[in-house]
Amino acid sequence: MTIELGAAGSALLTIFAAPLLAGALACALTFLFMWPRTRREGWVRFTCAIAMAAIAGPFLLAAVHSWWPTLFVSAGSVMALCGIDASLGVAIVGVPMLVVAALPAWWLLGGVVRWLDRRRDQDIAEIARAAAQAVKDVRNSL
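Here this note's numbering is used: position 139 in the sequence shown is 139, and no number is missing along the way.
Treat the hints as calculated values from the structure; they're not laboratory data. Virtual Cβ for every residue (Gly too), placed ideally from N, Cα, C. Keep in mind that the hints are not guaranteed to be accurate.
[Said to hold, decoys possible] The calculated label-pair distances, taken between Cβ atoms and stated as ranges, are:
1. S141 to A80: 14 to 24 Å
2. S141 to L88: 37 to 47 Å
3. L81 to W115: 22 to 32 Å
4. L71 to D117: 18 to 28 Å
5. P104 to A130: 47 to 57 Å
6. R40 to S77: 37 to 47 Å
7. A86 to Q133: 48 to 58 Å
8. S141 to P104: 17 to 27 Å
9. V90 to R118: 36 to 46 Å
10. V90 to R114: 52 to 62 Å
Given these sequences and hints, build the entire structure.
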């Protein structure tokens, strides 16, 4: 008995495989710098990296494509020279971009959680004022 994915299954596998693999690679890289203290922390880091690769990765990829479109063209040319389908050049450029997008996920989440933890006794309006003040301070320092 053989299992055939069909066009829809193949498309779904393609859409979800790149962020999953990029998130896993980014998570492994963060483990090299700081090993998780608990199994739960490891799963949270893994989930954050995959989510960031899937959510922010395409935006980063679109920004790089609009800024440097010849990078994708030359990646396709290199693939064609190797006898591989030229459309795979997008993956050669895109997957590292997804990894770059996923790398800061754990630290960004940790920063937000710590910031909110310091404001535990405040209501939403006070937290919003504190966030606006923090953004204003960052803008003034630049």
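Handout entry: Distance restraint hint 17 to 27 Å, applied to the beta-carbon atoms of S141 and P104
Key = Between S141 and P104, where Cβ atoms are some 20 Å apart, the hint holds.
Exercise for the section: Please test the hint of 18 to 28 Å on the beta carbon pair from L71 and D117. Expected result: Once the Cβ atoms are compared, 41 Å apart, the range 18 to 28 Å for D117 and L71 is violated.
Handout entry: Verdict for S141, L88 (Cβ pair) under range 37 to 47 Å
Key = At roughly 44 Å between Cβ atoms, L88 and S141 fall inside 37 to 47 Å, so the hint holds.
Practice task
Mind checking the hinted window 22 to 32 Å against the Cβ distance between L81 and W115?
Solution key: violated (49 Å)
Practice task
Could you tell me whether the CB distance from V90 to R118 stays inside 36 to 46 Å?
Solution key: holds (43 Å)
Handout entry: Hint check for Q133 and A86 - Cβ pair distance inside 48 to 58 Å
Key = holds (51 Å)
Problem - Pairwise beta carbon distance, V90 to R114, judged against the given window 52 to 62 Å - result: violated (37 Å)
Exercise for the section: Using the Cβ atoms, figure out if S141 sits within 14 to 24 Å of A80. Expected result: Violated, at about 48 Å.
Exercise for the section: Determine whether the Cβ-Cβ distance between R40 and S77 falls within the hinted range of 37 to 47 Å. Expected result: holds (46 Å)
Practice task
Determine whether the Cβ-Cβ distance between P104 and A130 falls within the hinted range of 47 to 57 Å.
Solution key: Taking Cβ atoms as reference, P104 and A130 lie about 22 Å apart, which means the hint is violated.
Comparing the model with each earlier hint shows violations of hints 1, 3, 4, 5, 10; every other hint is respected.
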